[in-house]
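Residues in the sequence shown are numbered consecutively from 1, following the UniProt record's numbering.
For the record, the hints were derived by calculation from the structure and aren't laboratory data. Treat the numbers as computed from the prediction; the structure is a model and nothing was measured. Note that CB positions come from ideal geometry on N, CA and C, so glycine has one too. Among the clues, some could well be false.
[As the list claims (entries may be wrong)] Cβ-Cβ distance ranges computed for the label pairs, FRET-style:
hint, residue 1, residue 2, range
1, LYS116, ASP48, 25 to 35 Å
2, ASP131, SER24, 19 to 29 Å
3, GLU11, LEU182, 28 to 38 Å
4, ALA108, GLY25, 24 to 34 Å
[What the hints assert, rightly or not] DSSO-like, lysine-lysine: derived pairs with alpha carbons at most 27 Å apart:
hint, residue 1, residue 2
5, LYS184, LYS116
6, LYS75, LYS51
7, LYS184, LYS16
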Amino acid sequence: MLYVMSPPIREAGHNKLLQAALSSGILQLVGTDHCTFNSTQKAFGAYDFRKIPNGVNGIEERMHIIWDSMVETGKITVTDYVRVTSTECAKIFNIYPRKGAILEGSDADIIILNPKRSFAMGARTHHSRSDTSVYEGRKGKGMVEVTISRGRVVWEDGNLNAVPGAGRYVRTPPFGYLFDGLDKSDAVYRASLRAPVRRGEAAAA
Numbered sequence: 001m002l003y004v005m006s007p008p009i010r011e012a013g014h015n016k017l018l019q020a021a022l023s024s025g026i027l028q029l030v031g032t033d034h035c036t037f038n039s040t041q042k043a044f045g046a047y048d049f050r051k052i053p054n055g056v057n058g059i060e061e062r063m064h065i066i067w068d069s070m071v072e073t074g075k076i077t078v079t080d081y082v083r084v085t086s087t088e089c090a091k092i093f094n095i096y097p098r099k100g101a102i103l104e105g106s107d108a109d110i111i112i113l114n115p116k117r118s119f120a121m122g123a124r125t126h127h128s129r130s131d132t133s134v135y136e137g138r139k140g141k142g143m144v145e146v147t148i149s150r151g152r153v154v155w156e157d158g159n160l161n162a163v164p165g166a167g168r169y170v171r172t173p174p175f176g177y178l179f180d181g182l183d184k185s186d187a188v189y190r191a192s193l194r195a196p197v198r199r200g201e202a203a204a205a
């Protein structure tokens, strides 16, 4: 009940398939559907699973888990790590290169990750307002020590330094690069419809 989410938790082995797809490029990025509820809220569905609030934690843990699972094990490079956690995300939302890159004119959104520092995850140490964690007991290497947002340090060694009201709206223009891929796919499909029909003896039979 505490870990009801969509998609649901799968049996052992599915994570390896997802990791292989990410390392081969079949999957382009990793995001989270971060939506935490505490155990009291989850208990709303104790007698009717349809009433269980759907979602678990993930946004705080994502960067650490991807580093430990993919970079630390040699499945992807550091450059790939930046791509699957940042660059591709920005491109999908059509806000690249303002976001997702360290370039002149881009927002100075940067993390500093210590690859040698270990982490241990759990409800007692995370910063979400929940008394549970789907990653309870998960340990690994690769700890984000500093987060910089638009040039300002907002997170440093476990301390949040963000100033309320400092956030800025980021306009997301329509028709990102994914639509280019859809257009190409549609073009291939339409071309197949215009292909001549070959009627042979087999077809007549």
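Would the pair LYS184 and LYS16 pass a check requiring their Cα atoms to be no farther apart than 27 Å? Answer violated: LYS184 to LYS16 is near 31 Å, above 27 Å.
Range hint compliance [Cβ, GLU11 to LEU182, 28 to 38 Å]: holds, 33 Å
ASP131 paired with SER24, Cβ distance criterion 19 to 29 Å: This hint is violated: roughly 38 Å between Cβ atoms.
Status of the given 24 to 34 Å range, CB of GLY25 versus CB of ALA108: Holds - the Cβ-Cβ distance for ALA108 and GLY25, about 28 Å, lies within 24 to 34 Å.
For the hint 25 to 35 Å, verify it against the beta carbon of LYS116 and that of ASP48. violated, 48 Å
Within a Cα-Cα threshold of 27 Å, do LYS75 and LYS51 meet the stated pairing? Not satisfied, since the Cα-Cα distance of roughly 39 Å exceeds 27 Å.
CA of LYS184 to CA of LYS116, is that 27 Å or under? The hint is violated at about 43 Å.
When held up to the earlier numbered hints, the structure conflicts with 1, 2, 5, 6, 7 and fits the remainder.
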